[in-house]
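*Asks:* What follows is each chain in one-letter form.
There are 2 protein chains.
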Amino acid sequence: MTNGLAERLRLIVVTDPECGGRPLMDVVRAALQGGAPAIQLRIKDGDARPMADQARALLAETRRAGALLFINDRVDVALAVGAEGAHVGQSDLAATDVRRISPPGFLIGVSAESAELALAAQADGADYVGVGPVYATGSKADAGPPVGTERIGAIAAAVRIPVVGIGGITVENALPVTRAGAAGVAVISAVMQANDPEAATRALLRR
Amino acid sequence: MTNGLAERLRLIVVTDPECGGRPLMDVVRAALQGGAPAIQLRIKDGDARPMADQARALLAETRRAGALLFINDRVDVALAVGAEGAHVGQSDLAATDVRRISPPGFLIGVSAESAELALAAQADGADYVGVGPVYATGSKADAGPPVGTERIGAIAAAVRIPVVGIGGITVENALPVTRAGAAGVAVISAVMQANDPEAATRALLRR
Chain Z
1 MTNGLAERLR LIVVTDPECG GRPLMDVVRA ALQGGAPAIQ LRIKDGDARP MADQARALLA
61 ETRRAGALLF INDRVDVALA VGAEGAHVGQ SDLAATDVRR ISPPGFLIGV SAESAELALA
121 AQADGADYVG VGPVYATGSK ADAGPPVGTE RIGAIAAAVR IPVVGIGGIT VENALPVTRA
181 GAAGVAVISA VMQANDPEAA TRALLRR
Chain L
1 MTNGLAERLR LIVVTDPECG GRPLMDVVRA ALQGGAPAIQ LRIKDGDARP MADQARALLA
61 ETRRAGALLF INDRVDVALA VGAEGAHVGQ SDLAATDVRR ISPPGFLIGV SAESAELALA
121 AQADGADYVG VGPVYATGSK ADAGPPVGTE RIGAIAAAVR IPVVGIGGIT VENALPVTRA
181 GAAGVAVISA VMQANDPEAA TRALLRR
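Those protein sequence lines, which keep their order, are chains Z and L. To convert, note that position 118 of the first sequence is 118 in the UniProt record's numbering; the numbers rise steadily by one, no gaps. To convert, note that position 125 of the second sequence is 125 in the UniProt record's numbering; the numbers rise steadily by one, no gaps.
Excised from the complex, chain Z in its bound form (with noise of 0.2 Å):
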């Protein structure tokens, strides 16, 4: 089981609604064509319902592609939409609280910057850590300072679960971070704002 989700989260595609002024169920159809495993949705502070709405036509297009579904924050969205899993910071619900509101099999993503707080979300049920802002990056503007890919390689040592690296990942740099012991990464703009979204996951599930 656990190698197997592994494998299924040796790319995960974040979604931004800055995708190159693309409609973004377009640039989700081409990364999981692509042949994304895993893609999450991230919108920060909007409305539940929208949420709702956008993560069930998202999860039409993963079901179909054998992808998983991730939903940011929203627990609450997740577990309505019927989506595989939900990603949670460290500001958002614990995954202690995540876990005892989800069903059996509900996967739980953590963001852990530290192997303390990777050994801490382990401790609390999380399926997975995110680990990062492994090199600089625009996206997310609450990130904090690059961790780098020894992080990356200490956390992986740390714990059992997965580590999934993020942050400033693109085709040219994914390789360190899986070298470094990472089960896969997790990218925003290399896909979302990649002139051929397709053929940026492909290279990406390449490295």
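To be clear, the hints were calculated from the coordinates, so they are not data collected in a lab. Since the model is a prediction, treat every value here as computed from it, not as a measurement. Glycine residues also receive a C-beta, built at the ideal position from the N, C-alpha and C atoms. Keep in mind that a hint or two might mislead.
Examples of chain Z residues lying across from chain L (beta carbon under 8 Å, computed) [stated by the list, open to error]:
no., residue
1, ARG49
2, ALA80
3, LEU93
4, ALA94
5, ILE101
For chain Z, the structure is supplied; the task is to place chain L on it using the hints.
*Replies:* Here is chain L on its own, set in the frame of chain Z:
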């Protein structure tokens, strides 16, 4: 059950971070001391973790007082902390979605400013509808034009579930709302901004 619920909805004190420079918990405690049978925690665009922390602190107080706690919008927070219910607006999760992800007996309030929306909410499984703004209000920036007490009467006649009037309601103008057919009133500033929140709560309950 419905009658018992209507009785407990005769006054819902909705929280506001703007509560006269006092700690919110002190104002809620005073409202509970004054007999408030229901509290709604309302935080717009806040992070879920501090909201859950605050909800748990509130729940300890409401349980002690035998009052209900509703969480505005964030159904996941309501479920995680074990609050009695959630209140959702027309841009929040739909009542059908809330019902699907919540345990039996979880109370769902829905904002509905027309009879059509109130009937839809009832069909979707809402336990009560909040109708407003009854009067002009400064507490909710996104509130529409006042609907007046006639609308309260029309909606109360149309649905079987309790109707709670909200918006611009004070000690002075609360009586026409219940006379028009509302089971109760929801107030923000009438208690949150009151010099004496306990006395204001008692005065509202006497109407």
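*Asks:* Under 8 Å is the threshold here; is the Cβ of ILE101 (chain Z) close enough to any Cβ of chain L for the hint to stand?
*Replies:* 4 Å, holds
*Asks:* Holds or violated: the hint that ALA94 (chain Z) contacts chain L, with Cβ atoms closer than 8 Å.
*Replies:* This interface hint holds because 7 Å falls under the 8 Å limit.
*Asks:* Tell me if the interface restraint on ARG49 (chain Z) is satisfied: Cβ within less than 8 Å of some Cβ in chain L.
*Replies:* Constraint on ARG49 (chain Z) satisfied, holds at 5 Å.
*Asks:* Does the interface hint hold: is LEU93 (chain Z) within less than 8 Å of chain L, judged Cβ to Cβ?
*Replies:* For LEU93 (chain Z), the interface hint holds, since the closest Cβ of chain L sits about 5 Å away, which is under 8 Å.
*Asks:* Tell me if the interface restraint on ALA80 (chain Z) is satisfied: Cβ within less than 8 Å of some Cβ in chain L.
*Replies:* At 4 Å from the nearest chain L Cβ, ALA80 (chain Z) passes the 8 Å test, so the hint holds.
Violated hints for the displayed structure: none, as all numbered hints are satisfied.
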